[in-house]
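Residue numbers (my numbering), protein chains in the order written: chain A, 1 to 62; chain B, 63 to 315.
Honestly, the hints are just simulated from the structure, not real lab data.
It is possible that some hints are incorrect.
Okay, derived cross-link-like pairs now, SDA-like style, lysine to any residue, Cα gap no bigger than 25 Å in a straight line [claimed, not checked]:
{"no.": "1", "chain 1": "B", "residue 1": "K130", "chain 2": "A", "residue 2": "E12"}
{"no.": "2", "chain 1": "B", "residue 1": "K130", "chain 2": "A", "residue 2": "V16"}
{"no.": "3", "chain 1": "B", "residue 1": "K159", "chain 2": "B", "residue 2": "V211"}
{"no.": "4", "chain 1": "B", "residue 1": "K130", "chain 2": "A", "residue 2": "S14"}
Given next are the chains, with one letter for each unit.
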Amino acid sequence: MTVQASAATAAEPSLVDLLDRLLGKGVVITGDVVVSLAEVDLVRIQLSAVIGSVREEMGMHD
Amino acid sequence: MSETGTYVYAVGRNIDEEPLTGLEGVGDAPVRLLGHRELKAVVSSVDLAEFGEAALRRNLENLSWVEKTARRHDEIVRRAAAITTALAPFRLVTIYKSDDAARVRLEELYGDLVRALDRVDRRSEWSVKAFCRVRPGPSAPSAPAGSGVAYLERRRAEIRDRHEAATEQQLLADQLFWDLVPAAAATRRLSAQDQRLSGRRETMALNVAFLVDDDRSTDFFELVDATRARYPSLDVEVNGPWPPYSFAVLDKP
Chain A
1 MTVQASAATA
11 AEPSLVDLLD
21 RLLGKGVVIT
31 GDVVVSLAEV
41 DLVRIQLSAV
51 IGSVREEMGM
61 HD
Chain B
63 MSETGTYVYA
73 VGRNIDEEPL
83 TGLEGVGDAP
93 VRLLGHRELK
103 AVVSSVDLAE
113 FGEAALRRNL
123 ENLSWVEKTA
133 RRHDEIVRRA
143 AAITTALAPF
153 RLVTIYKSDD
163 AARVRLEELY
173 GDLVRALDRV
183 DRRSEWSVKA
193 FCRVRPGPSA
203 PSAPAGSGVA
213 YLERRRAEIR
223 DRHEAATEQQ
233 LLADQLFWDL
243 VPAAAATRRL
253 SAQDQRLSGR
263 RETMALNVAF
273 LVDDDRSTDF
283 FELVDATRAR
293 YPSLDVEVNG
303 PWPPYSFAVL
313 DKP
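Same shape as in the complex, but just chain B (with noise of 0.2 Å):
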């Protein structure tokens, strides 16, 4: 390895680093904790070569590299998650120019650390969504029959149709949403993905991830339960836990 820097996965509290040996982080070096006051960081270094800023500027447009590189980084996170109760995860490529530049980021940051810790201290995130289920509905005639006013016409109430449906369907999923508000710490919204990013053929109509409190994950199953019962037309998919990337936001960049 040339030159190098400090890649950060995440910061924690009470991490040993003995379950992380012989873990390899981005760019297959060893991955190491840094200590900062009562705080450890889950690092690895890498070569500028792949993660410095010319290099970066390329292989963040290469889909693979960015797969590669996320998978891995999350795969780490996870591992620490695994083993302490409060962990705040970074964003991806996060890399200082030495360990030492690293320890003095984690002091400008350290408040900001300590609160998004006791934020996510004993929560895990849950990433919930909802899927408007394809309808029945009236399929478009083959063959008009009379006017052409009359196809036209039809043609226009079927779209609108359609349309209040889906606005009906939105509207469903905001109440799922709401319902679900009380069994969570801290909820934020993420914006519906693409039918075709998500795989499915129905419409996403809700992507929330909901910060849990560990001991309450029954509490939030049962209630995510009982909106499927309540809102049948809608597909609800949990999944999780994930580690709390989603609210391990610090107050400022």
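This is chain A alone, in the form it adopts within the complex (with noise of 0.2 Å):
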């Protein structure tokens, strides 16, 4: 991260431009419930992925 480049930098980054990045594109895919925020969905959470790979990583199989 550059120091010089925090010029252009917004004081707290937004909660919608926040979960598109935590939710959608990390490091494990996610999976179905809707976060909405003024009526509109904020995000889609595929519980059953997001749970699926939690139970994976936590050793619950089935």
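These two chains come separately, so use the hints to put the complex back together.
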């Protein structure tokens, strides 16, 4: 991260921008809860996949 | 804390534990490092009463819980990104049964992690959005003159004009994207955000993450400024630097 570039930095990232990145494109693929804000689908979380990956990572196989 | 799991924020190279000492992760447990080969995972223990399967199912539907967790996750990732050049952030709520289970997974992912770290080393993510400036446009006539047919025709023409204008703005936004590509090491196009989410009246025509070499960020900004002059109908918003969230994607889940 450069300090020099910080001129363009906004104070706090918006939650939408953050979840765009943290839920959609992380290391493990996501999965069907829709978190809504102002009646708009903020993020679609494929819960089955999140839980599935959690189950797998936790060694909780069926 | 009853039963715990190991929550992984990110994996990187050359991370010292000292600058992270005292930080509290999600669920307020201290942040620590987990070493595997030359890699360091930034982790904290989490209570499975909050982060276990049943709890996550409930908590992920709770916007304030999601926000609190996402902001803390982001904070930890940013702190770690500040002390290394190569960091691969993990997705929200990546949790393992134990430190040992996390190490086993790091070994499985080792090759992919190394490739992801090479890809993002000395680079940062920048968000670029373009909004269509609200055009003054013809205002809808308050008292339609003439026949009903004439009114309908005029309405149709207005709708057609608006549609064409939107298409044109979208094409311009695509051109703007391609103008910036040469300054970036990688790009990822994200979905345009709804106006109610972006908090802007204007329609978002472009939402992109650019991965930019840290020593070329000035070139990138110059290019962005040039596009502002070239596309006056678009309002270009740059935001960053972000940890390389959009570019640490592993090849397999």
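Is the straight-line distance between the alpha-carbon of K130(B) and that of S14(A) 25 Å or less? holds, 13 Å
For the pair supplied as a hint, K159(B) and V211(B), confirm whether the alpha-carbon distance does not exceed 25 Å. violated, 70 Å
Are the Cα atoms of K130(B) and V16(A) separated by 25 Å or less? holds, 13 Å
Does E12(A) sit within 25 Å of K130(B), going by the straight-line distance between their CA atoms? Given that 25 Å is the threshold and the Cα spacing comes to 13 Å, the pair holds.
The earlier numbered hint that this structure contradicts is number 3, and it is the only one.
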